[in-house]
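Put chain B on the given structure of chain A with help from the hints.
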Amino acid sequence: MGEKFFGKPIKRKEDPRFITGAGNYVDDITLQRQSYVAMVRSPHAHATIKSINVDKAKAHPGVIDVILGQEMLDAGIGSIPVGWLLDGLKTPPHYAITVDKARHQGEIVAAVIAEDSYTAEDAADLVEVVYDVHSAVANPAKALEGGAPQVHSDAPGNVTFNWQIGDKAATDAAFASAAKTVKLDLRNNRLIPNAIEPRASLADYNRGTQEYTLYTTSQNPHVHRLIIAAFVMGIPENKLRVISPDVGGGFGSKIFQYPEEIIVLYASKKHKRPVKWNAKRSESFLTDSHGRDHVTTAELAVDANANITGLRVKTAANMGAYLTLFAPAVPTYLYGTLLAGTYRTPNIHCEVTGVFTHTTPVDAYRGAGRPEATYLLERIVSYMAQELKMDPAEFRKKNFIGPDQFPYQTPVALAYDSGNYVPALEKALAMANYTKLRADQAEGRKNGRYIGIGFSTYLEACGLAPSAVVGSLGAQAGQWESSLVRVAPTGKVEVFTGSHSHGQGHETAFAQIVADRLGVTMEDVEIVHGDTAKMPYGWGTYGSRSGPVGTSAIVKAVEKVVNKGQKIAAHLLEAREEDLEFLEGKYQVKGSPDKAVSFGDIALQAHLAHNYPADLEPGLEASAFYDPANFVYPFGTHIAVVEVFPDTGKVEILRYIAVDDCGPQINPLIVQGQVHGGIAQGAAQALFENALYDDNAQLLSSSFMEYALPRADSLPSFEIDHTITPSPHNPLGVKGIGEAGCIASTAAVANAVNDALEPFGIRHLDMPLSPPRIWKAIQDAVPAQAAD
Amino acid sequence: MYPAKFTYHAPWSVEEAITLMNENEDSKLIAGGHSLLPTMKMRLATPAHLIDMKNLRSLLSYIHDKGDHIAIGSLTTYHQIESSSLVKQAAAILAQTVSEVGDMQVRNMGTLGGSIAHADPAGDPPAAILASNATMVIQSSGGERTVAASDFFQGFFETAVGAGEILKEIRVPKFSGGSSYQKFKHPASGYAVAGVAVCLTKNGGNIGGVSVSVTGVSDGAYRANGVEAALTGQAFSEALAASAAAHAIDGIDALEDPFADAAYRGQLAKTLAKRAIIAAWNNA
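So the sequences go chain by chain: A and B. According to my numbering, the residues represented by the first sequence are 1 to 788, in order. According to my numbering, the residues represented by the second sequence are 1 to 284, in order.
Since the hints were derived computationally from the structure, they do not count as laboratory data. All values reported here derive from a predicted model rather than from experimental measurement. Mixed in with the good hints, there may be bad ones.
[Stated by the list, open to error] For lysine to aspartate or glutamate, the following EDC-like pairs were computed, each having C-alpha atoms within a straight-line distance of at most 20 angstroms:
1. A:Lys776 - B:Glu144
2. B:Lys185 - A:Glu643
3. A:Lys776 - B:Asp257
4. A:Lys776 - B:Asp52
[What the hints assert, rightly or not] A few chain B residues that don't get close to chain A, going by computed Cβ distances all over 10 angstroms:
5. Asn22
6. Leu36
7. Ala71
8. His79
9. Gln139
10. Lys168
11. Ser176
12. Gly204
13. Asn206
14. Asp250
[As the list claims (entries may be wrong)] Footprint (simulated), chain A over chain B, 3 or more residues, beta carbon under 8 angstroms:
15. 12-19
16. 178-188
17. 251-264
Quick reminder that beta carbons are idealized off the backbone N, C-alpha and C, glycines included.
Next up, chain B with everything else stripped away, as it sits in the complex:
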C-alpha cells in the first residue's frame, strides 16, 4: 500500500489552508484521514498536494454551547462528540450516530467535518446531520457562509463545499425529543448498508414534529419526506410506524453492490426506519 507522490503541507491557519488550496489546483484537505488515506494507498486518489489540517486542531476542535444550538468545530473527533455530555443531552441523535462509526481507533482519529465533507453515501454522520437540521459554516477567501443540511449533501461524494472552501463548523440545533439511529453494518467494511435516523417529538399520544433521514441507500443521504408526512400529527402505534416506514425509499433508486441488491437495501431501509421510529418514540 504505497500512495503516489504528493507534496505535503501543514498550514497553521484556516486562511493559509485556503491560500494553499487556491494556489495548488490538485490539492486535497486531510483531517482524520480515515476515508482519504485508504483511497490514496490504493492509488484511487492521487492528489498532488495534501494539506494536513492537524495544526488547525486548536482552532477547529471544540464543542460549544450556543444557547439554542451546539457549535462543533469541523476537526472535532467522533470520540469527543460521542463522549460529550452536552451532545448526548441536547443532540442525542448525533452522539448515537457517531458512536456507530467504525471502531474506537477510527473514532479517535476520524472527524465529523472530514466525514460530512467527504459525503460517503454509506457514511453514518450525514444521517444525523440531516435529521437534526444542522447548519454548516463554510469559509473561503471571500468570507463565511452557512448552508442548511438539506442543501449540503448533493449526491455521490458531493457537497456544497466548493473549490477553495473549508468546512469550519457544524451547528446542531438543540433537541429534547426522542431520537434513534438504526444501522445495518456491512459485514466487512462496517459502513452502513442502510442507516436511518429519526428525531421526533410527542404531542400526547400523537407524533408532533418528525424528521427522518436515510443513509447508505442512495448516492447521498436524504430526508425521507414520505415517512415524515405519514407520521406527522398521527397517533403513534407500531402499525403506524410500519406503514410510514414503507415510504423510506419513495422516489429513490437504491444502490446495488455485490453484498446487497436494490431490493434488499430497500427492505433494510424500511425495516430500520420502522425500528428507528419505534425507538425514538419510546425514548421521547
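Looking at chain A on its own, in the form it has when it is part of the complex:
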C-alpha cells in the first residue's frame, strides 16, 4: 500500500457544492403533488388539553386536513421508543402528537396539512385549543423537590432513573482518610444545538407498492428506518426507505426520531400525497433535542502528597419532558465512565438521577456526557490545585496515568488501551511559553490587568464498542459499522458506507483511504451514504465513530476486493497467487515488475469473466461489517489564556493552545477543522451559550436575538498541534476527533476565567461566564482583595 493520500491535508471534495449552493438538502427536494404541514404547538410548558376545535382551520381554503393525536393513536401509531434502557428506567409514552397534555413548550398538539406552507401556517393559527394551564418546572434540582409539579403520573417525583457507578464504600473511605478535600457545586448549562440546516422531513407514500420513502435530516438513516418502521408505525422494515441526502450539521440532534417524521409519514399515507415539513428556526430552538443541563455536586480528595485519592459526584441530570433515543445513556454510561479522565484516581463514585422537567428533551449533543464529565473533572482538579497552591499543570502531571500503566483499568468500567499524556502537556506548555505566561500574568495583576490561564488535560472515549459490551450496558443497538466496496468494469469504485456525513468530510477522508489501498486516484472513488436502499445496514455517525469504526469497515472490505483481484491476476499472469504483490494499482510478480496487470484490467476481467479462474465468482465487490474490540481513547492538553475586564466583566480569549492526540490523521485539514469547530463550540458553552427558562418553563433564549453563538470575532486564532499515539486495535490506528475540541475547551476556558478572577478572591463561577455574572461577582467580592 502506498500512502499517497493518507495523512495529506487534501481539500474537501464536497466543499465546492456546499459553498456554491449546489448541495441537495431535504428542503431542496420537491415532489409532484407535494403538500405541507405546519404544527400547532403548545405555548405552555404544562397544560391539559381541554378541547381542540379544528373547524375554522379545516374550512380555510387550501387546507387538506388537520390531524390530532387521538386519530394517530387510533390508527395504531405507537410511542417513539427509547433506545437505551437502564434498570428501573421509567419510560412514559411519547406520542408524535400529544393526546392529553402538553409537557413542554412547543409540544405538538395538532398538525395542519395544506397545499402550501403559508396556508398551513395561517390555518395552524386557526386551530382553537383550550388549555388548562398548570404550574411547570424547568430546573432539575427543583423538579426533585417535594411538591414540584409532576411531569408524568407514572414517574413519581419526576425521577426517570437512579444510576450509579463505582465503589461507594471505598470512595467514602478515601474521603474519610484524605489529607484534603474540596467540594464544588456546578451547573452545566443547557445548550441548544443549532445546526445550520434546520430539521426537515418529506414523506412520500407510494400506493402502488405500499412503500414509504422518507427524506429526512438524519445522522443514521438505518436507525431511523428500524425505529420508525418496527417500533412506531408497525410497517415492514423493507417498505420504508430512508434517504438522508446532504445534511447541514447535526451535533447529535439529528440522531433521534422526532414527532414530525412520524406525522409526515402518517399523513402521506392517509392522503396518498407527499407531505413536507421544514422546521422554522423558532421550532429548532424549541424542539431539537437540547444538550447538557446538569446540577452537580463534586468532591475531590487528595493525600498528603497531593495524589488524588477519590472523586465523589452527585448529579441531577435534566432529561426534559420525554426520553428520546439515546437520552438515558448520555448522563450515565457516557458520563460516569469518563470521570477518571487522564488521572490515576483509585476511587470514584458517581450517582446520577435522571429528572423529568417541563422542558425540551435533552439527549446527545456534541460530546454527549463526556463534556459534562470533563468540565467537572478538569474544573475540580484546577480548583484543588489552587487550594493546594500547586501549579495546575504540575498537579495534573503528578496525577497522570503513566505511559507504562496501559492497559489501564479505571474504577469506572473503562479500560484504556493506550495513552501518553505528558508529551501532549509538555508540547502545549512549550507552545504557550508557560513560564513567561505566568510571569506576564503576575506583572499584569500589578497593573490592574486580570489575565487567567486555564488547563484541560482531557481524555475522551469514543467509537463505543464492542457491540456486546454496549448491549450489556443497555443499548438496544449494535455499534459495529458496515461498508460495501463495489468496483465497476472501468475500475471506478463506489464505496457504500453505513457512516453518514453531515459535515465531517467523509467523501474526502474515506476516498483517501480507498484510493491508497486500490492504487487509484481520489476521483476514481465515490463515497455513497445516506440511503437505506443503497447502503448495507449501518449505525450511522455520532460519538466520533466514523473515523475509528466506519473506516475500519471500509479497510476490511477493500482488503477483500484486493484479495479477490489477486486471484484474477494470478490467473491472467499465470502465476501463483502467493507470488504476487499489489503495489500502486498493479498486481505484479514479486521481483518482476514487468510481469504485471493493472487494477483496471482486473476490474474489467472480473466483469467480462472471459479469461477467468474457473472456481471464482464473477464481479468485483465486497462488503464488511466491523465490530471493534474497544473504544478508542483520544486525549490531549488544551490551554486557554483569557483577560477579564473588571469594569464590564467581559472576557477576551487572548490565546488558545490545543495539542490533541487522535492517532494517525487521515486528513490533517479535516482534523484541524474538527478541532477548530469543537473549540469554538466548547468555549461558547463557557462564555456565551445558555438555554434559559423562566419559572413557567418558558424558553427565554428562543432565538438568535437572545441565544449567543460564538462569532469569528469572539475567538482568537487557535494554536494547534498534535501527538500521535495510535489505537492498538483498529487497522488504521485512528481515533475519533469529532468531539474532542468540544469536550476539552469548555473546562479550559472556564478554568482560565476563574484563574483570572483569583485576585478578587473569587473561587468559582458557574457558566456561562457572561459579563454581567462576572461583573456582579467582582462587585460582591471583598473590596480589599480587589484593590491591588
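Below, chain B without anything else, positioned relative to chain A:
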C-alpha cells in the same frame, strides 16, 4: 418563518407612498427591512399592507454637502454612510456609529431613516443623531416639517413621525471636534446593551461644548444632560471623565432583560461614557 398575509405596494413617489398610507389604515413602510421583516416572520408584526420604499431609492438615497450641514436621504444605507468621506470628515460620530451596526450584509441593506424611524431602544444610530444635534425632515400630505433630534425620539419604538408621514431626510450639522461612540454588544443580537456617543470641542486644556447621548439603556435614546453639565468648560482629566460619566443614568430607569439587569446596564452606561469622553478628547 412565515409572515402572515399582506398586500404589497411599491410606490414610485413619496406622495404616492403617503396616499397609500392614508388609504390603508393598517399599513407599514418598509425600507431595508432588517427590523421589520424579522418581527413579521415571527408574526409579532402583521401589517395588512406593506409599502415598500425600494422604488424611492433614487429620490431618497443621497449624501449632500449643504455647507453647514450634511443632508442624508432617509433611504441611504449604513454602508453608504460609513464609507462616505464627507460624513467621515464632517460627521465622524455618525460614520463611526453606523459602522457598529450589525454586519456588512446588514449595513448593505439597512437604512439610516429606517433605523431611526423604527427607534429601537437598543439601536445604535439614535445615539449619533442625538449627539450630533441632527434635524429630521418629515413629509406628509400637508407638506414638510422639521423636527430636532431632541424632540424626535419619544420612547419605546415611538418617534415624532406620525400617521401618514414619511421621514425624508436627516440633516447633520458639520462638526470638527472630537467624537466617539462606545458600544457594548449583546452577545447574541449584536444590538447595544448600552451605547454612548460623545461629541466635544477643546478649548485649550478645557472642554468647550459637549453633547453626550445614551442608547440601549432606556426606552429610547436620550441626552445625558448630567454628564454634559459636569464636563462643560471643565479642565479635562481622566478623573473628570470618570466623575462626569457617573451621571450617565441620572433620572433614568435602566432596562432589564435576561442578559443584563438594571444595575449592570447602568454600570455599562457609565463605563462606556467614560471611555467615549476620553476617546473623544483624544481625537478632538
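We went through each hint and held it up to the structure:
no. : hint                : verdict
1   : A:Lys776 - B:Glu144 : violated, 49 angstroms
2   : B:Lys185 - A:Glu643 : holds, 18 angstroms
3   : A:Lys776 - B:Asp257 : holds, 16 angstroms
4   : A:Lys776 - B:Asp52  : violated, 45 angstroms
5   : Asn22               : holds, 28 angstroms
6   : Leu36               : holds, 14 angstroms
7   : Ala71               : holds, 33 angstroms
8   : His79               : holds, 18 angstroms
9   : Gln139              : holds, 32 angstroms
10  : Lys168              : holds, 30 angstroms
11  : Ser176              : holds, 30 angstroms
12  : Gly204              : holds, 29 angstroms
13  : Asn206              : holds, 26 angstroms
14  : Asp250              : holds, 19 angstroms
15  : 12-19               : violated (count 0)
16  : 178-188             : holds (count 4)
17  : 251-264             : holds (count 6)
When held up to the earlier numbered hints, the structure conflicts with 1, 4 and 15 and fits the remainder.
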